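Asks: What follows is the residue order along each chain.
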Amino acid sequence: MNKKVLVVDDDPDVRTFILTVLEENNFIPIVAHDGVEGLEKIENEKPDLVTLDVLMPRGSGIRLYRKLKTDPSLKHIPVIMLTGIALKSFMRSQKTLSEFQGEKVPAPDFYLEKPVEPDELIDAINKSLG
Amino acid sequence: MKKNKILIIDDEENIVKFLSMSLKVDGYETVSAYNGKQGIEVFKKEQPSIVLTDIKMPEMDGLEVLREIKMIDPETEVIIITGHGDIDSTISALQFGASDFINKPVKDEALAIAIERAEAKIYMRGQLNEYTGNLEDKIEEATEEIKRKSNFQKLLIRSSNDGIAATDKNWRFVICNPEAEKIFGCKYSQIVNKKNMDIESIYPPDIIKAFRNAAKEEKDENLEWKETSFSSIDGKKIPIKFSGRILYQNHKMIGSVAFFQDLTDIKRLEKELVESEKMAAVGQTVSGLAHYIKNILIGLKGGSYVVDVGIAKNKTDKLIAGWSTIKRNIARVSDLVQDLISYSKERKPDYEICSPNNIIIDVIDLVKDFAKTNKINIKQKLDPDIKEASVDPQTIHRSLLNLMTNAMDACLDDENIDKRFEISINSYLEKDNQFRIEIKDNGSGMDSETQEKLFSSFFSTKGGKGTGLGLLLTKKLIEEHNGTINADTNLGEGTTFTIRLPYTKLADKIKDPVKEDLS
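Protein chains in written order, with this note's numbering: chain D, 1 to 130; chain C, 1 to 519.
Pulled out of the complex, with its shape left as it was, chain C reads as follows (with noise of 0.2 Å):
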């Protein structure tokens, strides 16, 4: 810190000089005047801040001196070097303003202290101006900024895409946005700062009630977005999103703010969406259908071409042959319509007291043979804890049957020819009334695409073998009965079927989904 200037002013040039020197040695910038004149032309020009005058000079004295700075510059520190016993002049400098007193002769240690203190209070002073003079700055930054900061608000509530719209404690309105007024169909003007004018004028009757209640609760949290519907002034009928909140300020009730969205053109992309999903399953439904009637057809022109052979050239070999492409084609079409009927009809399952283990061991039955013949090995574990129960016979069998093909068919589809193909078939009774049958192959398993498609309709694997339609009816007829289906597989080494089913003892306990939709 630079060390003040101080102006030294005494009739007696030793103690100038001794006190010049004095302070000089302690780092100040000195300047020196020999009477009351001279000393306020040097103030005049050096612009010290402090000054150290003697009190009894000729002509002007130290209190006209200080009177005289003090008129300049207020706030220049003036120490008076006093007599003993001086007092009156004293009390008169004090009311002055003089800064401090120092008693004649000059010691150095009370000239430094005074001058210390007058340094300080200068110090003091310097700090205080620069604070208010910041506090000033601050406040106006302050008042930019607020101002700043409404504007921006108000500039975003206006901008919204949500409507927006808020009220006093009286739900008078107070705030409503272009979005807003689209929404009520009226403007700023008509409803804004209105005395006639509150949410019942405005608001649907369900918004209403939602805030008065939300009040009465004093309920400090968003309202829950729901779904309505606005009538606004001039008729229209707009479907709306709404969520709103009481404000408080320290707990009174000061208002309301409601938040809209318009959901017209969601609602209208949202029918468009369904609309082209379901133009895309027809379309992905048609060009299965006509895959696989393709494939009936190719079978049948074949049929009927070696049925011609026969005819032409007698050969009865050729008739019969020809002719059992021809009823193995039309076996086709009528697999084809049947499961088409299956898969449109609502199916109630029939239930009967049966064994589920039992219709397993059916299942196996039907199948082995033609296992045995493609060297494909069937092991069994059945749960013996499942007992007779209230089942659908029709629904497991066909399920069973259809997810044992599929398991044939995937050993058979397997390229690694040296592997040793194994279905097992497993039931479980499980804890919460519900028995499981896994049926697990070491197959070909299959690729994450080809699972993510396994439900879906006229999806085959097979390739023109199958109607695409083997899985999607099985998963129906599980789920009629109240029951789940789900695939584990891996490409290469196998797929496991589960199926869960609901395992009741008695008939009458089955849940009836059919009859509980009317009821």
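Just chain D, same shape as in the assembly (with noise of 0.2 Å):
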């Protein structure tokens, strides 16, 4: 069965390029402008995996990974990061958020920097669903 994949990105254009590309590669695309319809699409549609960008308006990839990664019935769903942001900086604001909240979250299944290649995406996709 086709699987369903949720793309989280405020940017059109990466928007048009990675849905193509999962439907090239025969997934079940869905899209989210931002982490607020992010998680209504992740609650609602119950999507297989995440690639979320880190940059986003109206609550950021940053605190949509985190409300993920801490919801029992969501942290399953692997996350592949898609963006601009250099891993280290990602991780230092999850690390700082974590002691803040004192919970912590593990790291992402993939993080790929922008740009990806189709093919580079495709094989971390297929190696998070196993």
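Hints were generated in silico from the structure; no laboratory data involved.
Everything numeric in this text was worked out from a predicted model, so none of it was measured.
Careful: at least some of the hints might be erroneous.
[Said to hold, decoys possible] Dumping the calculated EDC-like pairs for lysine to aspartate or glutamate here, alpha-carbon to alpha-carbon at most 16 Å:
hint : chain 1 : residue 1 : chain 2 : residue 2
1    : C       : K313      : D       : E23
2    : C       : K301      : D       : E120
3    : C       : K56       : C       : E12
4    : C       : K315      : D       : E24
5    : C       : K294      : D       : E117
6    : C       : K313      : D       : E24
7    : C       : K301      : D       : E113
8    : C       : K379      : C       : D365
9    : C       : K375      : D       : D34
Bring the two chains, given one by one in their own frames, into a single complex with the hints.
Replies: So, in structure tokens, the structure goes:
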């Protein structure tokens, strides 16, 4: 059965590109424009995997990632970060938040920096889904 | 204080005993002798400071004792005991240096007074000796100190990093330290105390003039530091900083002193610093530009992938989506180029008589739909006192549009999704012929680090979505329009940008900076 992948990104160009890559590789893509819409779609559509941008208006990727990884009913969903922000900066902000909230989150399954090659993305998705 | 030792000489034993007892009761140490000769012997042995001697004694009388004792120690106080009316011997005794006289029969009171006086004299002499001795020591000390200080000052002048040269009142050199030698390009021995060498032969004309003027005006303060250059005797040109002053004593000129700082190294360092700052700025610019172009390339690459899929699968929707991505990114390249061109070009404002408030309304019209979709409330309060004025509408329009877009981005960027976002744009007529426009948002605000970089090139908070030129350009436009722009921001609370522009009613009154430069 084809797997459902949610793409959360505020950049329409990135959405179009990732969506097309996913379709070409027989995934069922869903899109969200920001962090808030992203969480709604995760709860309603129950995707098998999420690709997530970091810098977005309305609830950044940093925040959404934390929500996903600290919610018992959602934390099993693999997340691939897809962003222009370096992994180091992302993990530093997560560490700061962990200390602040007293709750640790694991590192994402894959962290891909833009620009991403279609093969690279599909490879990461397949590995994450097992 | 230790009491003085007293020698008592009298041929009458009873008198010696009586005096001795009386003095001992008063606390003095006494020694006795019963004739002149014995007196001298005891004196030599005991070295008393006061001697009481009878004048009339067989063999060696009081006068001889007095002379002898004064020869041995002239500072001894000798008190003569005389009989009544013995005027001649009293006069002789005075001539020989007797200190005092007591009449016989000796009364306790008279004795006490005589001894006290003698003691006072001894004490005074002691003090005087001590004082004189001290004085000599002090003079020696002071001389040493002066020598030391003078040497120290000489050393100080010698080792100063500044060139120091001093002249007498005839402008002839009296001091020239090694650093000054270097700047002058000649040796101490060539100029100091040379009759044919004065400031005219060494200093550049502007320094000579400064000194001569100061002397004429009897200026008693340091001349202001001034940069000039020295063409030394050996033909080198040395950039220097110069100060100096005329020296006075009792309101009369006694000379001049000049201080020189060699600026050769400083000038070189300054140049290097400017160069390296330029290089750093170029580096920052290039890396900002590269980052922005990279983001455009990501868009173009993604777009062409989607177009490829559209062609291969013959899917029109993919072709349309991919193509629009490509077109959007072409637009971004063109925006970037446009921004770069505007930034690199000096633009003269194009003044027109128009209403600044109307321009604000136009800008709000342009952005209100976008604001509504994103649930941002826009408020306005425009000062009706601002009438038509001579401004460049394009400058105001572009600046406000940019600031409004930034304000909306700041709202969208805010992580606090419970906030009710609001942007207010207000105008005010100010007193000194200017008006002010404020754009205030309650969005994400900025930390101090961001605020510092706000107006620097290619710094963007919008990830790959901004060129990092927007505020830089706005600032340039406003400044070309003789205005100012500043930002007041608090992280998490929002930002207020304030623009101030000249409020001029007539077009011809506008100052034209470009024309001014040419005239």
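Asks: For each hint, tell me whether it holds in the structure or not.
Replies: Verification of the hints:
1. With a C-alpha separation of about 12 Å, the suggested pairing of K313 (chain C) with E23 (chain D) holds against the 16 Å cut-off.
2. For the hint pairing K301 (chain C) with E120 (chain D), the CA-to-CA distance comes to about 15 Å; that is within 16 Å, so the pair holds.
3. Annotation: proposed proximity of K56 (chain C) to E12 (chain C) holds, straight-line Cα distance about 10 Å (limit 16 Å).
4. Among the hinted pairs, K315 (chain C) with E24 (chain D) is consistent with the structure: their alpha-carbon atoms are about 12 Å apart, no more than 16 Å.
5. For the hint pairing K294 (chain C) with E117 (chain D), the CA-to-CA distance comes to about 14 Å; that is within 16 Å, so the pair holds.
6. Simply put, K313 (chain C) and E24 (chain D) have alpha-carbon atoms about 10 Å apart, close enough for the 16 Å limit, and the pair holds.
7. A hinted pair counts as satisfied when its Cα atoms are at most 16 Å apart, and K301 (chain C) with E113 (chain D) qualifies at roughly 15 Å.
8. Restraint check for K379 (chain C) and D365 (chain C): satisfied, since their Cα atoms lie roughly 12 Å apart, inside the 16 Å limit.
9. Our distance criterion of 16 Å between C-alpha atoms is met by K375 (chain C) and D34 (chain D), whose separation comes to about 14 Å.
In this structure, none of the earlier numbered hints is contradicted; all agree with it.
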